[in-house]
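**Q** Here is what each chain is made of, one letter per residue.
2 protein chains.
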Amino acid sequence: MKDLGHGANVDFMAKAFNKNTKDIIDFSSNINPKLIPNLEKYILEGLNKSTSYPDINYTSLKKNIGNYININPEFIIPGNGATEIIYLLMKNIKKRLAILNPTFSEYERGARLNNLEVINFMLNKDDEFSVNLDEIEEKIDEFDSLFICNPNNPNGKVKNIEKLLELMSKHNKLLIVDETFMEFVYEEEKYSLIKYINKYENLFILKAVTKFFGMPGLRLGYGVTSNKKLIENIYKYKEPWTVNSFADTLSNYIFNDKDYINNSKAYYLKERKYMLNALRKIKRLKAYDTDTNFILIKLEDKKSEELKLQLFKKSNILIRDASNFVNLDESYIRIAIKSHNENQLILKELNRIMGE
Amino acid sequence: MKDLGHGANVDFMAKAFNKNTKDIIDFSSNINPKLIPNLEKYILEGLNKSTSYPDINYTSLKKNIGNYININPEFIIPGNGATEIIYLLMKNIKKRLAILNPTFSEYERGARLNNLEVINFMLNKDDEFSVNLDEIEEKIDEFDSLFICNPNNPNGKVKNIEKLLELMSKHNKLLIVDETFMEFVYEEEKYSLIKYINKYENLFILKAVTKFFGMPGLRLGYGVTSNKKLIENIYKYKEPWTVNSFADTLSNYIFNDKDYINNSKAYYLKERKYMLNALRKIKRLKAYDTDTNFILIKLEDKKSEELKLQLFKKSNILIRDASNFVNLDESYIRIAIKSHNENQLILKELNRIMGE
Numbered sequence: 500m501k502d503l504g505h506g507a508n509v510d511f512m513a514k515a516f517n518k519n520t521k522d523i524i525d526f527s528s529n530i531n532p533k534l535i536p537n538l539e540k541y542i543l544e545g546l547n548k549s550t551s552y553p554d555i556n557y558t559s560l561k562k563n564i565g566n567y568i569n570i571n572p573e574f575i576i577p578g579n580g581a582t583e584i585i586y587l588l589m590k591n592i593k594k595r596l597a598i599l600n601p602t603f604s605e606y607e608r609g610a611r612l613n614n615l616e617v618i619n620f621m622l623n624k625d626d627e628f629s630v631n632l633d634e635i636e637e638k639i640d641e642f643d644s645l646f647i648c649n650p651n652n653p654n655g656k657v658k659n660i661e662k663l664l665e666l667m668s669k670h671n672k673l674l675i676v677d678e679t680f681m682e683f684v685y686e687e688e689k690y691s692l693i694k695y696i697n698k699y700e701n702l703f704i705l706k707a708v709t710k711f712f713g714m715p716g717l718r719l720g721y722g723v724t725s726n727k728k729l730i731e732n733i734y735k736y737k738e739p740w741t742v743n744s745f746a747d748t749l750s751n752y753i754f755n756d757k758d759y760i761n762n763s764k765a766y767y768l769k770e771r772k773y774m775l776n777a778l779r780k781i782k783r784l785k786a787y788d789t790d791t792n793f794i795l796i797k798l799e800d801k802k803s804e805e806l807k808l809q810l811f812k813k814s815n816i817l818i819r820d821a822s823n824f825v826n827l828d829e830s831y832i833r834i835a836i837k838s839h840n841e842n843q844l845i846l847k848e849l850n851r852i853m854g855e
Numbered sequence: 500m501k502d503l504g505h506g507a508n509v510d511f512m513a514k515a516f517n518k519n520t521k522d523i524i525d526f527s528s529n530i531n532p533k534l535i536p537n538l539e540k541y542i543l544e545g546l547n548k549s550t551s552y553p554d555i556n557y558t559s560l561k562k563n564i565g566n567y568i569n570i571n572p573e574f575i576i577p578g579n580g581a582t583e584i585i586y587l588l589m590k591n592i593k594k595r596l597a598i599l600n601p602t603f604s605e606y607e608r609g610a611r612l613n614n615l616e617v618i619n620f621m622l623n624k625d626d627e628f629s630v631n632l633d634e635i636e637e638k639i640d641e642f643d644s645l646f647i648c649n650p651n652n653p654n655g656k657v658k659n660i661e662k663l664l665e666l667m668s669k670h671n672k673l674l675i676v677d678e679t680f681m682e683f684v685y686e687e688e689k690y691s692l693i694k695y696i697n698k699y700e701n702l703f704i705l706k707a708v709t710k711f712f713g714m715p716g717l718r719l720g721y722g723v724t725s726n727k728k729l730i731e732n733i734y735k736y737k738e739p740w741t742v743n744s745f746a747d748t749l750s751n752y753i754f755n756d757k758d759y760i761n762n763s764k765a766y767y768l769k770e771r772k773y774m775l776n777a778l779r780k781i782k783r784l785k786a787y788d789t790d791t792n793f794i795l796i797k798l799e800d801k802k803s804e805e806l807k808l809q810l811f812k813k814s815n816i817l818i819r820d821a822s823n824f825v826n827l828d829e830s831y832i833r834i835a836i837k838s839h840n841e842n843q844l845i846l847k848e849l850n851r852i853m854g855e
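Protein sequences, first through last, are from chains A and B.
For the first sequence, the positions run 500 to 855 when the working numbering is used.
For the second sequence, the positions run 500 to 855 when the working numbering is used.
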């Protein structure tokens with residue numbers, strides 16, 4: 500059993516420290532703690548459907564996603580989480596991929612396993628992880644595609660990247676945007692590039708469904724592009740039946756629950772303010788701005804691993820040691836924004852350890 | 500929407516002929532119609548777990564599978580269906596793969612997508628699809644690995660392939676056996692090569708879990724080998740979190756239900772005899788021997804597609820046109836063995852169409 504360097508390593512940590520997984524409060528993975536109503540009913544409907552193979556064409560799943568984001572279902576590629584889409588994409592893009600770092604490590608892993616050349620650009624740590632557009636333009640001949648996560652993991656601040664899209668279009672390069680955390684953003688419509696899918700064939704957007712909808716164990720994600728050649732190539736490599744019947748069935752319901760979606764958005768708007776305000780009163784740390792459901796923190800004089808162990812051993816609180824992100828170091832941690840009670844608990848413990 | 504050449508294309512056929520999917524009796528996919536008791540309870544437990552990421556190491560899933568087949572959990576690679584295992588394997592074996600045909604088409608598809616050279620051997624149609632061991636030995640220098648499905652899809656007759664294993668070991672070639680349908684075989688222990696996993700490092704066995712357990716929409720399968728280098732290479736390429744929380748949770752229960760397993764085995768033993776006996780009284784067709792939950796049939800003077808349409812249009816019965824299997828032709832169909840009532844229905848319709 501290995502700690503594979505992601506968050507959500509609850510089972511690993513429980514075993515290593517002889518704790519019960521149920522007692523652990525997981526701030527290391529970025530999951531909405533609220534769920535849509537009537538989930539049990541929908542899951543039992545999924546159980547009935549699981550006695551047959553899922554539709555190999557996923558016709559209704561694609562239609563449901565298409566309705567949700569207002570895009571032609573033929574432009575949608577459903578996946579076993581966003582992860583399947585990342586790996587499929589890596590099999591079907593040109594040789595040289597630029598990645599904006601620090602970010603989710605599976606982009607680079609997928610690229611390397613498919614023998615792509617990876618060029619790492621760095622987001623500006625001293626300016627809330629902003630994009631250096633001039634540097635990208637300067638080196639535009641050195642890559643074929645560019646991967647960006649927006650809002651970015653691990654810092655969570657959303658960016659307006661329309662200029663980046665224009666630059667990439669002008670030079671006929673593929674822009675890949677992971678918008679997994681976009682639904683947590685209050686002004687989602689303003690920042691999401693979904694509205695440009697029909698206009699720009701050099702745009703590919705991918706999203707995990709089950710972080711915002713609070714069910715990462717369901718495994719559902721998708722890719723979107725209007726580039727028909729790319730879609731065709733991806734389907735050439737796609738394995739059959741990768742999305743299970745429960746995810747397929749739930750797609751009939753989760754996207755229609757506008758109350759749940761709006762309430763989650765409103766909760767996070769309020770709770771982000773509360774958390775950032777409280778964190779900024781704690782000594783010896785810097786909390787970065789965020790528009791999503793997690794917060795990147797730089798510790799002034801303590802190592803991330805030390806704090807992780809302190810919180811875990813005494814309070815069963817599991818945080819994400821963010822030191823293994825490209826261009827971060829041992830002073831960074833990431834914590835999720837969870838329920839208000841749980842958030843109060845981690846704030847109290849951080850106050851105790853770091854001093855007010 | 501395309502018919503992708505597999506069975507289980509219920510959604511495709513329903514749409515094409517303007518029928519309701521619920522009215523279709525699917526004899527085209529090979530699924531146990533019986534389910535373990537208390538499934539709803541276990542699935543709701545899975546729902547609770549789905550609000551977290553599945554254990555990235557799948558420690559308890561590997562342990563559950565290991566207990567079931569009496570193999571070291573470290574030799575187990577869990578997958579999103581057997582399909583994930585097939586594709587992972589194709590990334591990690593040597594260049595030249597022999598496949599014994601006719602068989603499941605995803606082996607060859609996976610091989611071609613990973614740029615393997617495929618050498619097709621033919622099973623002997625005139626002798627219940629037996630293996631020509633002499634031919635394999637004669638051409639042993641032309642391939643590095645050999646893929647066989649046992650019992651084979653589409654004919655279903657189990658083979659004793661110990662001599663093949665010995666031959667492959669002698670020449671240091673990898674033998675890959677898909678034992679997805681082995682649990683349907685009455686004398687499973689006699690034919691399954693699982694008992695040789697510890698002894699032979701050149702043996703890789705893969706299995707779908709959810710055909711025998713009647714839940715293909717759950718998506719669960721696994722690979723087994725004692726070849727540590729191969730396991731290590733496969734994990735290097737394996738995508739994270741491919742098995743969903745429902746499958747992970749159900750593994751705590753399904754493998755322990757010995758009554759269900761034995762009752763299913765006994766049901767199929769009886770029902771195979773009934774079906775074969777009844778089919779052999781029908782004119783103008785030949786039913787091949789089977790040890791599993793499906794039957795290959797050769798029509799004497801009717802095309803498979805014509806019979807498929809006749810059964811579908813009038814009786815909502817969907818059969819598998821088996822003409823697209825390598826080395827079969829338009830005279831072959833495959834039908835599942837389903838519940839006794841459903842089996843009576845297809846027999847009645849076949850009698851009507853083909854004449855008694």
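Treat the hints loosely; a few may be bogus.
Identical chains blur together in the list; that is why a pair holds if it fits in one copy or across any two.
Claimed, not checked - BS3-like mimics (lysine-lysine), calculated; alpha carbons at most 30 angstroms apart, straight line: (1) K669 to K540; (2) K807 to K562; (3) K757 to K772; (4) K735 to K562.
In short, the hints are calculated from the structure, not lab data.
**Q** The structure should be examined with respect to each hint, and the outcome stated for every one.
**A** Here's how the hints hold up against the structure:
no., hint, in the structure
1, K669 to K540, "neither (49 angstroms within a copy, 56 angstroms between copies)"
2, K807 to K562, "between (43 angstroms within a copy, 29 angstroms between copies)"
3, K757 to K772, "within (23 angstroms within a copy, 55 angstroms between copies)"
4, K735 to K562, "within (21 angstroms within a copy, 35 angstroms between copies)"
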